[in-house]
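Visitor: Use the sequences and the hints to build the structure in full.
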Amino acid sequence: MCVLLRFNNKAKITFEELAAETQIPDKELKRSLLSLAMGKPTQRILCRKGHGREIENSDEFWVNDAFTSKLTRIKIQMVSGRAEAEPERKETRSRVSHYLFLYSYF
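For the sequence shown, UniProt numbering assigns the number 1 to the initial residue and increments by one for each residue that follows.
Check each hint, because a few of them may be wrong.
Stated by the list, open to error - With beta-carbon atoms standing in for the labels, derived distance ranges:
#1 Cys47 - Glu86: 33 to 41 Å
#2 Phe7 - Pro41: 36 to 44 Å
#3 Lys49 - Ser104: 52 to 60 Å
#4 Glu54 - Ser104: 39 to 47 Å
#5 Arg95 - Thr22: 24 to 32 Å
#6 Ser97 - Glu16: 35 to 43 Å
#7 Asn64 - Gln23: 20 to 28 Å
#8 His98 - Glu21: 33 to 41 Å
#9 Ser104 - Val79: 32 to 40 Å
#10 Tyr105 - Glu60: 50 to 58 Å
#11 Thr22 - Glu86: 29 to 37 Å
#12 Leu102 - Val79: 13 to 21 Å
#13 Ala11 - Leu100: 24 to 32 Å
#14 Lys12 - Glu88: 29 to 37 Å
Said to hold, decoys possible - Calculated pairs, DSSO-like style, for lysine-lysine (alpha carbon to alpha carbon, straight line, at most 27 Å):
#15 Lys27 - Lys10
#16 Lys90 - Lys30
#17 Lys40 - Lys30
#18 Lys27 - Lys49
#19 Lys40 - Lys90
#20 Lys10 - Lys30
#21 Lys70 - Lys27
#22 Lys75 - Lys49
#23 Lys12 - Lys75
#24 Lys90 - Lys49
#25 Lys40 - Lys70
#26 Lys40 - Lys12
#27 Lys49 - Lys10
#28 Lys40 - Lys27
#29 Lys70 - Lys12
#30 Lys49 - Lys30
#31 Lys30 - Lys12
#32 Lys27 - Lys12
#33 Lys49 - Lys12
#34 Lys90 - Lys27
#35 Lys10 - Lys90
#36 Lys10 - Lys40
If you are wondering where the hints come from, they were derived from the structure by calculation, not from laboratory data. Since the model is a prediction, treat every value here as computed from it, not as a measurement. Ideal Cβ positions, reconstructed from N, Cα and C, are used throughout, including at glycine.
Guide: Listed below in structure tokens is the structure:
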């Protein structure tokens with residue numbers, strides 16, 4: 001993950017700095033950070049200074065020095081994305097219907 005590579009240069013990085021340096025969309029970056037910092041207790045590679053379950057721009061992250069694994073290669077389970085909100089769902093359905101309509105003529 002390119003997010004982890006950012007910690008080679010700095011010990012602590014805020015969400016805002018990570019977003020600016022990696023150019024990853026906020027939604028995807030939050031998913032990645034949630035998986036790395038708030039996943040299963042045995043898989044928490046990053047530590048987080050912030051309140052609540054939501055990640056904010058001012059939240060700080062740093063490498064969890066206590067993290068160990070017997071495995072040479074580890075798998076991090078990504079946090080699943082939230083379901084679409086109703087307006088997004090309607091827009092998606094209308095686009096799919098439009099494409100199906102166009103496809104039926106070819």
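Visitor: Is the hinted pair Lys70 and Lys27 satisfied, with a Cα-Cα distance of at most 27 Å?
Guide: 32 Å, violated
Visitor: Starting from Lys40, check that the Cα of Lys27 is at most 27 Å away, please.
Guide: 20 Å, holds
Visitor: For a C-alpha distance cap of 27 Å, please report whether Lys27 and Lys49 respect it.
Guide: 19 Å, holds
Visitor: Regarding Asn64 and Gln23, is the given constraint of 20 to 28 Å on their beta-carbon distance met?
Guide: 25 Å, holds
Visitor: Straight-line Cα separation of Lys70 and Lys12 no greater than 27 Å?
Guide: 26 Å, holds
Visitor: Measuring from beta carbon to beta carbon, are Thr22 and Glu86 in 29 to 37 Å?
Guide: 31 Å, holds
Visitor: Is the gap between the beta carbons of Glu54 and Ser104 within 39 to 47 Å?
Guide: 43 Å, holds
Visitor: Check whether the Cα positions of Lys40 and Lys30 lie no farther apart than 27 Å.
Guide: 16 Å, holds
Visitor: A range of 36 to 44 Å was offered for this pair. Does it hold for the Cβ distance of Phe7 and Pro41?
Guide: 20 Å Cβ-Cβ, so the 36 to 44 Å window is violated.
Visitor: Given a hinted range of 52 to 60 Å, is it respected by the beta-carbon distance of Lys49 and Ser104?
Guide: 54 Å, holds
Visitor: Has the given pair, Lys49 with Lys30, been kept, meaning a C-alpha gap of at most 27 Å?
Guide: 14 Å, holds
Visitor: Do the beta carbons of Arg95 and Thr22 sit within 24 to 32 Å of each other?
Guide: Holds, at about 29 Å.
In summary, the numbered hints that this structure violates are 2, 12, 13, 19, 21, 24 and 35.
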